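*Asks:* Our numbering applies: residue 1131 is where the sequence shown begins, and numbers increase by one.
Hint data in this document are derived by calculation from the structure and do not stem from the laboratory.
Keep in mind the model is a prediction, meaning the values are calculated, not measured.
Glycine included, each C-beta is placed from N, C-alpha and C at the ideal position.
A portion of the hints provided could be inaccurate.
Derived lysine to aspartate or glutamate pairs resembling EDC-like cross-links, with alpha carbons at most 20 Å apart [unchecked claim]:
1. 1217 / 1188
2. 1223 / 1198
3. 1223 / 1185
4. 1223 / 1167
5. 1223 / 1202
6. 1217 / 1167
7. 1217 / 1202
Now the in silico label distances, taken between C-beta atoms and shown as ranges [unchecked claim]:
8. 1175 / 1131: 39 to 47 Å
9. 1134 / 1170: 18 to 26 Å
10. 1182 / 1139: 21 to 29 Å
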Amino acid sequence: FGSDVYRFIFAARRMSSETDRSFRESVQSFRRMSLAESNAARPLRLRVVTVQPGDTVERLAGRMALTDRPLERFRIINGLAPTDHVKPGDQVKIVVE
């Protein structure tokens, strides 16, 4: 990108044409931010939280600072299969501002 070099590293448990397309779309969307975008951007961070009684995967995913597929992303960053649950005392990661 100009004189700068960026390296993208993607990982998937199973490669498929959909996964490959998704990776390519991510790379193709890469562009310089305008000054206004840069000033408005806030970094996202991972926070480790302890699962409390009554917490569910869905409830914890709802706390994430993501609008695009938070449940799926919560499961991915925590290595949870679609049928896995959390229990009080577990420590999980959530994305926050």
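*Asks:* So, for every hint listed, does it hold in this structure?
*Replies:* Hint-by-hint comparison with the structure:
1. 1217 / 1188: holds, 13 Å
2. 1223 / 1198: holds, 17 Å
3. 1223 / 1185: holds, 13 Å
4. 1223 / 1167: Given that 20 Å is the threshold and the Cα spacing comes to 27 Å, the pair is violated.
5. 1223 / 1202: With Cα atoms ~13 Å apart, residue 1223 and residue 1202 stay inside 20 Å; holds.
6. 1217 / 1167: violated, 39 Å
7. 1217 / 1202: Holds - the C-alpha atoms of residue 1202 and residue 1217 are around 18 Å apart, at most 20 Å.
8. 1175 / 1131: 39 to 47 Å: violated, 24 Å
9. 1134 / 1170: 18 to 26 Å: Distance hint for residue 1134, residue 1170 holds at roughly 22 Å.
10. 1182 / 1139: 21 to 29 Å: violated, 33 Å
Of the numbered hints stated above, those contradicted by the structure are hints 4, 6, 8, 10, listed in ascending order.
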